[in-house]
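Given only the sequences and the hints, what does the whole structure look like? Please build it.
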Amino acid sequence: MRTVVAVTALFLAACAPGADDDVTTTTAAPTTTATTSPANGSACLSGDLPFAASGPIAAIGGDSGDATVLAGIRWEAHEGCERVVMDFFNDAGAPASTVGPAGAIAFAESGVVRITLPPEVAASAVADSVLDGSLAQRAFVVRDANGALFVDIHVATDTAVEVRAFDVASPIRLVVDLRPGSGTSLVIAEPSLADDTVVLAPAAGAALYPLRVTGYARSDLAAIRVRIYQAGAIALDRAVSTIGPPDTWHSFDVRLADGPSGPVELYVGAVDAFEEPLGGVSIALELP
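Read in order, the letters of the sequence shown correspond to residues 827 to 1114 in my numbering.
Keep in mind that a hint or two might mislead.
[As the list claims (entries may be wrong)] Label pairs and their computed distance ranges (CB to CB):
no.: 1; residue 1: 919; residue 2: 1030; range: 39 to 49 Å
no.: 2; residue 1: 973; residue 2: 889; range: 50 to 60 Å
no.: 3; residue 1: 1065; residue 2: 973; range: 19 to 29 Å
no.: 4; residue 1: 905; residue 2: 1059; range: 18 to 28 Å
Quick caveat, the hints were computed from the structure, so don't treat them as lab data. Built from N, CA and C at the ideal position, the CB exists for glycine as well.
And the structure:
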């Protein structure tokens, strides 16, 4: 096992929410339910590996590995903590024995823990999971604009959360432990979720141009729309492709250089045959 707490600034920049450069993105897959385990002690509190509330958490894995498929995401309850476990297959469909370089970073301001997967892991048997925890609540498997996979674990936004991450061998697994932190929650920009769309930014409230809209969409959407409504009328409308492999969600990163000022409604999601919003996420913003 190789665990390094000090992670380079390059890793931090690569993992930032909405770090894709392309305006268009791709897609997603059917939802799944996380496996749960009964409370069985404090395995996720043992050892001397430190927990952290934000920033780079760990560099995990080896220089290379035989893991090529994310096989599943499991949630476990333990006394005083929770654990999320990621399993992997190799090309033969058997449990993998090693995994290439991966990483973990906590975005405390949005309540997201991101696990970046090595380039060899190019497919997933799970697109998302509803976790049963009071700390770990949802997990999304996402492809970025370059095709690389990452897993976003959405954590509780009403309490402080600390995390650590490491790998376990025989077979290889990536483990994320979560425990209650001290003080109050650090979340100030909670993501907005719909059945087929997740918006990481912006959060409701005051915002500035250029307005950056980031998140991910499910794979059964041919496209999403990024719209700004003002006084009930469409003031800005941008189409974003969401066509791609069906095994994961796909990230989008849209930059709006300018637009209306004052109170507006940002809509991100699908539209129907009459160009009317269909599900999706609506966010109230105040723009200069």
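Numbered hints the structure breaks, given as an ascending list: 2 and 4
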